[in-house]
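**Student:** Relying on the hints, combine the two individually framed chains into one complex.
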Amino acid sequence: MPDRKMFWRIMRRLLAANRGRLFVILLALGTGAAITAALLNLQVDAKRRITSEFRAFGPNVIIAPRNKISSVNATTLDENITRQFSEIPYGQPVLAVASLYLIAQASPQRSGRFVPVVVAGEKVVTGIVGILVTKSKFAAGAQSQCRVGRKVAEQLHLQADGNLFLRNGGREESCRVAAVTANGGPEDNQASINLQAAQRLAGLPGKISVIQLTVTGTPAGIQKYINTLAEHLPEADVHGVRQFTEGEAKIYNRISGILSATVALVLVLTGLCVMAAMTNVAMERRSDVGLMKAIGGATRRVLRLFLAEAAVLGLTGGMLGATVGILLSMWLGKAVFGIAARPRLIVYPVAVALTIIVAIAGAYPLRRLANIRPAAVFRGEP
Amino acid sequence: MFIRLVADSFSRRPRHKLLTGAALALGMAVATAALSVSLDVGDRLAREFRSLGANLLVTPQADSLPLEIGGVDYRPVNAGAYLPESALGKLKTIFWRNNIVAFAPAMEVPADAWTKSSQTYSTPPIATHTSLIGTWAGHVVSVPDGSTYVTGIEKTNPWWQVDGRWFKDGAQECVVGKSFAARSGVKIGNALNINTPQKNLSLLVTGVLSGGGPEDEAIVAPITIAQEIAGKAGEYRRLYVSAVTKPEDEFGRRDPNTLAPADYERWYCTPYISSIALQIKQVLPGADVRVIRRVAEGEGAILTRVRTLLWLVTFASLLAAALAVGASSAASVIERRTEIGLMKALGAGSGTVGFLLAAEQLLLALVGGAVGYSLGIFLARLVGQRIFGVAPEFSFLVLGVIIGLAAAVTLLGSAVPLRRASRFEPAPILRGE
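Going line by line, the protein sequences match chains A and B.
Straight run, no breaks: the first sequence in the numbering used here ends on number 461.
Straight run, no breaks: the second sequence in the numbering used here ends on number 429.
Keep in mind that the hints were calculated from the coordinates and are not lab data.
A hint or two may mislead.
As the list claims (entries may be wrong) - Capping the alpha-carbon separation at 20 Å, the derived lysine to aspartate or glutamate pairs in EDC-like fashion look like this:
id, chain 1, residue 1, chain 2, residue 2
1, A, K329, B, E150
2, B, K242, B, D39
3, B, K277, B, E231
4, A, K303, A, E166
5, B, K242, B, D259
6, A, K329, B, E293
7, A, K329, B, D39
8, B, K228, B, D165
9, B, K174, B, D108
10, B, K174, A, E314
11, A, K303, A, E314
12, B, K174, A, D316
13, B, K242, A, E132
14, B, K88, B, D141
15, B, K183, B, E169
In isolation and in its complexed conformation, chain B is listed as follows (with noise of 0.2 Å):
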């Protein structure tokens, strides 16, 4: 009999239950892609500030002290200490090795630099004093574990534009600032003689190197030229790492050594930049981590500001949604003033008639929440493609909450009126008071 009643009331208002079926899909569409949209953007907008360039640095422990201005080392090679290039496939090996989006070591030489078409009938070559930057493009790592990872310097700085293409790794190649190329006439296809006390060799140029810093006054070089000439074969000076973090809170910020086990574990398993410098130095004996805390400062930053920002607005339309749905549900109750007067004149219980309202409420909600659902993850993925180009992840946590918000929602939104209606005399109602 139940069954027949919730079923006759569906099959006798279909437009009715159809508009209130209508506006909860809606509502929970809207309240699905807010979700999980702001759930994902997290992560989205960390990898996009990965743009920013590299976040961690890694120099020699016993390092001298570094003669740099406007990024150009002027220490004489033989100068400071270095770290084995061999290395640095471990750095994939480390706990958050998934959260290291690149990384690129980096060696710099001084040089004089010279092209034939600086060179005209009346003039010898004019050697242009500069510094080559030896480092990896496209380089492929082997990491211990057998697998292989690309990187480079064009991932570590992203914002370094190139003209013609990059150097392939370990040839012959280089690629040279806009300015130097300007000011030495260099020009893509011709060879480059670089002069350097210890070494003379000619290199192809592949690529005019934009960056908007002292690299455009540089060549950049395989790093393997730079470890010829400097005679230091399979090392490096400075590493720059860029890697996803979290935001530190309170808590990332407290000192790993005051930490008790269980909180130091925490703190070692949570993506915090100063526990992936600690996981870099423990697999990089004698480097020295340094956060570049303009830009991992800057970032967490702006990050925890919009995820609350995000956060908030979700919360906003989470509560419009619910007002959307409880309005509409109450609606379709008030409607049924005279069936329930009727059942109550026929001596149905208010217990009864709430608990049949109901069932058809949440039915209702059930059916709403997953069409509503199905609606805002179409959307979600919308807004998601458009601002981010790839689709937010599909999250059983959003269906849950979505189908929870739905049923209560709903019951909520009918038991105000539901109420109302119980304390009703029947005949009033049935005469159409």
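The following block holds chain A by itself, in its conformation from the complex (with noise of 0.2 Å):
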């Protein structure tokens, strides 16, 4: 069809006409299609990045005995649990920390004056989805090591590398003393051991008292995932810390909020930008929608024209600029958090939609072409 032949024809003249013209448009919309690019990537990112963040915290699932009793004495758990917590699947890495805990006396020597410290024996399970990882915090030597918490080393006046003796009830364990640990939390005012070793201390073989799970993810997630547990595992008693799941849920609408507000506005104004580019092009054209009309075209069909051309220049200024959006919004998440942004598929063909749409809407002003009597524009009238 010579039609549509002739409509390729002055589409090619009409991008072709003016290179720096069409450089300029190009950088416009392709600016525009990065920057939409870049944050929309960065913004879906962040917002995953900041639940990891959150595990700064330490544990936020805790796993306890159903019947707790207050006392020295607390009922326990099978150690067995482990196992079976480590086959619920859960997207993500889970970190958990099986403990037992016990009242034992201390001293820095076999004969010395002996006091009361809280001893944690404590074992690593990192359970992703079946494979159990079972890792002692503790390096493997002759000798069982231990990390002390500040207060029970200034109080036994411990030093790394001395010894530590605990008894308890007629038995006996020693260790070296690997690490004096401060962060202000109980664990300060606590010796930690391994959990064989603690658990022959207290008399208790293959029992624990609690387990503590560093579990990432949105609070809706692990919201889902505490009840999964809770589940499977219906002779222990399994519930969040407070204390973290809820002002973490609250803080992370904030800033998912502020970050998803701040991410509209700018897409809003970057729109905007590109639009108003688009527009300058569109009344440059007058002389050009002049002649066409002059020989007969259509307005109809001259609008088409107009349309298709931002059409086309949409397309390539989107996707050259969602590539390079994509790149830069790679390179800022390594800037704010250290790794690089993993690059999302949709938001590449979104960015692109966009920037067609933006540019179509930015032509939109030529609907006044329509009203445009040839002659006013040959004569030079404004």
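**Tutor:** Here it is, written out as structure tokens:
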């Protein structure tokens, strides 16, 4: 069809006629698309990052015995529960520490003065969908190692590499102090040793008092995981550490709200910017339109021509810009969070589509060209 | 003549000017909103983080080792040291007193509790062994400067929810933990009998507490009751302080003892958690103030990241606003090529023409910027209200930045086409080529 051939020929001419102008438009559209893509990608990624950032607060889910009695001889859980819980799927790795607490007499010398100290036997359990990895927090060696809290070290005059003797009801364990820790929490008043050693000391083989889980995810995701755990582990009491789960949910909502709001504002602005650029272009086309109408072009066909031009420009600018934008967001993610943002494929078509829409919307003032009287344009009237 | 030309330009093409002005105002509105929100968000978020609870823990310096498992201290009542409750008003006299959001002292005593409803005809009352946490709830603290301040555990631990109501300060009342209530069958309105080797008393249960921690197993009562049981009137064992802080940066992490006097002054007058801890230590003699690292550091890391992110987004919005405004002012200059040609043909120099157009654009920038600013403040209030429930504070800084930005951007945007226009020969333009 010659009509169609002619259409594309005019299109080519329109685009190629003024290289400088083409460059300016592509730049405007491309910048818009780049900002759109970068922000959208960063926004999705940042929300995810913030949730893992929350894990600096430490464990947020607790698995404890159901009928807890507030006494030193608290009821315990069977250690096998760690195997059970690691078989429950969750999208992300979960860090779990199984502990047994007891109060034992401690002293830096075998024959010294013994003082009561809280001893925590700890074992790290990492559960990733069916794979159970257990590892000790302490280096393997001939003599078992332990870490002591700052307050304990102060009271017992302990130093790193010193010895610590623990006694409980005739049973005795000894360990070498690997480190003195200070974090302001209750850990400052504890000595932590290997789980097996603590079980021997307490005379409770295969028992633990509590499992502390560090679960990454959105507040809703964590709550769902807690519910699944509670279903699968009827003998235990699974609950979130309210202090963190609740606070996090609140803060997460605020942060994601503020992020969405600012990103939306910027997107509106970017659209405005591109539209302003496109309007300029449209107004410059007055004489072209005048000529076309003078030689018999119907307003509708002329309009279609210019809209097609805008769409082609939007597509090219959008594709170039979105690519740049996604690369940009990866770099920005690295700058803010230390890890490059993962590119999201969905962002790409969304950014391109938005650019095309904005480009066509920017050509909207061309509608006014329908009112142009060719004669007036040729006379040079405004 | 100059003013007449400018006025004429505005009155002759009001629609054009309105369009450019609207683009300018809209761009500046978005920039204003983004800027005011991100200026304000740091403080707002820092306060929001206080929902995580206390970030400072005060204990007696000469204390014996706490035997604490799951938040319950198993030490006998007479072991360890105590701090005087009467000195706590001084916390509101330190340099960063306004940053101290809440504080509450606590003292735990082991106790046996039983209630009439757990007694049936056949069985004698079953006493449940638990711990009684004495603390403040809605306590009025008198500050040495004569004012008063209301604080309590419900503010330091905002995730503690009470079904019913909190006990009245100093009354013979208590709230019971959720699990304790389920275990012992205590209900709101019951009288709870507390037996300890030292004392027997009866408390009215006013609420059921759920906190998700060891407090669910305990009884929470006014601190005076715990003091009475322990025989330590006016003393406490632990103090939780919740303070709004600035995330520690490189400077904040330095050891204050090694700082030069000027740097020390700066460190002391910055609300770093460590400097607030030092100031608390100065007003509470014999106390050991510890930073709860888990809370403080997690908070700092997140705050820093979110701030960087928001500044980035704000910068992007300023850039986009600049581009939008620049483009529209460029358009308005291009449209007036014929006019410029005519002026030059009549003998105006490039400088005069440029000056005239610049004055016009500046006028537009001022008006558009001001309108945009008021629009943006409205937008910022809307966003702030929706997200934080509080509108951002008014800042003259933003007004200055926005007007300056509007002027700079319009001038820059029109500079490029103006330069090109000044190079044109008037004749071809007037011919319409």
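**Student:** Does the alpha-carbon distance linking B:K88 and B:D141 stay inside the 20 Å limit?
**Tutor:** holds (9 Å)
**Student:** Take a quick look at whether B:K183 and B:E169 sit within 20 Å of each other, Cα to Cα.
**Tutor:** The given pair, whose Cα atoms are some 13 Å apart, holds under the 20 Å limit.
**Student:** Given the proposed pairing of B:K242 with A:E132, does the C-alpha separation stay at or below 20 Å?
**Tutor:** Holds - the C-alpha atoms of A:E132 and B:K242 are around 18 Å apart, at most 20 Å.
**Student:** Please work out if A:K329 and B:E293 have their alpha carbons no farther apart than 20 Å.
**Tutor:** holds (18 Å)
**Student:** Within 20 Å, alpha carbon to alpha carbon, are B:K174 and B:D108?
**Tutor:** Holds, at roughly 17 Å.
**Student:** Going straight from one Cα to the other, do A:K329 and B:E150 come out at no more than 20 Å?
**Tutor:** holds (17 Å)
**Student:** Given the hint that A:K329 pairs with B:D39, test it: the Cα-Cα distance must not exceed 20 Å.
**Tutor:** Since the Cα atoms of A:K329 and B:D39 sit roughly 15 Å apart, the hinted pair holds (cutoff 20 Å).
**Student:** Check the hint pairing B:K174 with A:D316 against an upper bound of 20 Å on the C-alpha distance.
**Tutor:** holds (13 Å)
**Student:** Checking one constraint from the list: CA of B:K277 to CA of B:E231, max 20 Å. Satisfied?
**Tutor:** holds (17 Å)
**Student:** Below or equal to 20 Å on CA atoms is what counts here, so check A:K303 against A:E314.
**Tutor:** holds (19 Å)
**Student:** Within 20 Å, alpha carbon to alpha carbon, are A:K303 and A:E166?
**Tutor:** Holds - the C-alpha atoms of A:E166 and A:K303 are around 16 Å apart, at most 20 Å.
**Student:** Do the alpha carbons of B:K174 and A:E314 lie within 20 Å of each other, as the hint requires?
**Tutor:** holds (19 Å)
When held up to the earlier numbered hints, the structure conflicts with none and fits them all.
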